[in-house]
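> Residue numbers (my numbering), protein chains in the order written: chain A, 1 to 354; chain B, 1 to 354.
The set of hints was computed from the structure by calculation and includes no laboratory data. Errors might be hidden in some of the hints.
Here are the simulated EDC-like cross-link-like pairs (lysine to aspartate or glutamate), alpha carbons at most 20 Å apart as the crow flies [said to hold, decoys possible]:
1) A:173 <-> A:318
2) A:284 <-> B:124
3) B:71 <-> A:318
4) A:188 <-> B:69
5) A:246 <-> B:69
6) A:246 <-> B:278
7) B:279 <-> A:242
As the structure is a prediction and not an experimental result, all values here were calculated from the model.
Protein chains: 2
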Amino acid sequence: MITVSIDAMGGDHGPAVIVPGAAKSLERHPELRFIFFGQEDKVVPILERHPRLNDASKFVHCDVSVRMDDKPSQALRQGRWKSSMWKAIEAVKSGEADVCVSAGNTGALMAMSKFCLRTMADIERPAIAAIWPTLRGESIVLDVGATIGADAQQLVDFSVMGAAMARALIEVKQPTVGLLNVGVEEIKGQEEVREAGRLLRQSNLTTLDYHGFVEGDDLGQGTVDVVVAEGFSGNIALKTAEGTAKQIAEYLRAAMGRTMMARLGYLLARGAFSQLRDKMDPRKVNGGVFLGLNGIVIKSHGGTDAEGFAAAIDVGYDMVRNQLLVKIETDLKYFHGRRANGKEPALEVSEQSG
Amino acid sequence: MITVSIDAMGGDHGPAVIVPGAAKSLERHPELRFIFFGQEDKVVPILERHPRLNDASKFVHCDVSVRMDDKPSQALRQGRWKSSMWKAIEAVKSGEADVCVSAGNTGALMAMSKFCLRTMADIERPAIAAIWPTLRGESIVLDVGATIGADAQQLVDFSVMGAAMARALIEVKQPTVGLLNVGVEEIKGQEEVREAGRLLRQSNLTTLDYHGFVEGDDLGQGTVDVVVAEGFSGNIALKTAEGTAKQIAEYLRAAMGRTMMARLGYLLARGAFSQLRDKMDPRKVNGGVFLGLNGIVIKSHGGTDAEGFAAAIDVGYDMVRNQLLVKIETDLKYFHGRRANGKEPALEVSEQSG
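Can you build the whole structure from these sequences, using the hints too?
Next comes the structure, spelled out in structure tokens:
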């Protein structure tokens, strides 16, 4: 049994999308149990329309909901202790739930998650990891916007956490990790990225295989299993890729509607087009994972539909079943422990540069 | 008459692509004249196969060529004063040519251009501006990798220069300018970007219309005419968009070949597909413009074909014909002049933050 706490009021469509999404995920994973937090009159009627889900769920009423445009500070001030978002996170802290899923606003969800769950012992800053569809399958990209800027040590921590997530999600033993940069040569890029590269190369971690620098066009190719960036450039890469995919879909739609022949061709090839749509479907890879906190929180796209929200729950399910937190804690302890013992190359480097 | 100096040895394919590319551009713009710099035995035989181009061209032999994998420092050491790349840039400095076009390696071309042409009086750092295909037409995005990091004043200078280029290239009177950020609210993002936003908002420039922050997905939408970023995130955005386009083209190709019906549909719709290919064709928007130097240098993609190289020459032609340098100098003088007179809001802000 895996229990998911759900902020039923989050997202652009609220419970109308979230409850049916949970029902879909339950069909795939019958061992799931749910705790829904939200406004009773809005959530319960929809829940009652899904008897199987209703049987697998608890409901907790909350008066307050965080709005999609609330600033993080505002959300904390007005929603701490009592909003559906806060309560859903708190259920993970108390152990009632194994994972929290919300389609609410990212800034508020991160602020509340940090406040409620706190960062892990060795971690200064959490990261948001996205699942990125590639020509080879899927990669993990982090940080896509939890915090702006990261020093070399934080980039290394992101690498360790991202690799743990890759082992939990795509089940590779020693995931390849690349640092996002503007060139592949060792002399290129921001100083933090170059130093992180040196640290990773010297660390000889057994839990990841450090590949070197990767560039923006390696993301879609799936050159590595895990791509690490600080939050500003990671977020820009993510949004740029989403925007480019939308742009090309728009070109394709316009081109296919322009002439009779094109429309006929489209009809004949519609199986192929639906495969393509499938490949490009952002709902399939919905679910950003907050890494570095004492608990698992999954952020669903705010504008997604029931299928997309179900995918975010599926990600949470995989993370719990494959023991993401234990993996991260073990890897970080191993890494930071070695550093504390003075065996760790990070010390040499910081002495050199200090 | 507009004279283009050409590094005939640059790019993955050298003169075999560059000379036919120039011939194509000459067909479109008969008033062009060319000076080719390169190895005589490699360039002249190809030039002689294009009689009309040959008549419109001068050739200058150079023993040394910069290699595609030379580091900038290496290229400067070995190629200064004598390589085909240097000589092509120098022709702009001496006034023999109006613009230099090279498909050689970006780092070397920028290093030599800076060394030979120097930056404009008010400019600390040059930028590379890319032409970005959007759903609304074309936008200009800079800096896509000339230098890493930029302070607020440099981002404002990029905005002024990018707007001048937009007026030269897409011929809008008061181009809209956006700063690339991780959110559209004023409180979001890197401090440099936020301060640049404040400066632009207060400056009331008549040569550009400051729109505010834009995100990665605004690039493909064409939300603004000019998108300004520092070189690290700008480069990552550019490469990520290129990679995503390649990835989707690969999905499409695979999907269309999978079944008989899909192949038949593809045949019927091939007009539409060729339109789509056209829209996605990176050769059509080939030509990064170096901004902020005392001369115009255009960087073509190294791997492009003759059509792509011709497009890069076309960009250079437009920049000269529409007086890019005069536009930039006037705008910068206006902006920096106001600042020097103490009327400029930049001073107030730096006092506040200092």
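> Give a verdict on every hint.
How the hints compare with the structure:
1. A:173 <-> A:318: 16 Å, holds
2. A:284 <-> B:124: Since the Cα atoms of residue 284 (chain A) and residue 124 (chain B) sit roughly 46 Å apart, the hinted pair is violated (cutoff 20 Å).
3. B:71 <-> A:318: Distance of about 45 Å is beyond 20 Å: violated.
4. A:188 <-> B:69: Satisfied, since the Cα-Cα distance of roughly 13 Å is no more than 20 Å.
5. A:246 <-> B:69: Given pair residue 246 (chain A), residue 69 (chain B) is violated - Cα atoms ~35 Å apart, limit 20 Å.
6. A:246 <-> B:278: 17 Å, holds
7. B:279 <-> A:242: 18 Å, holds
In this structure, the earlier hints numbered 2, 3, 5 are contradicted, and the remaining ones agree with it.
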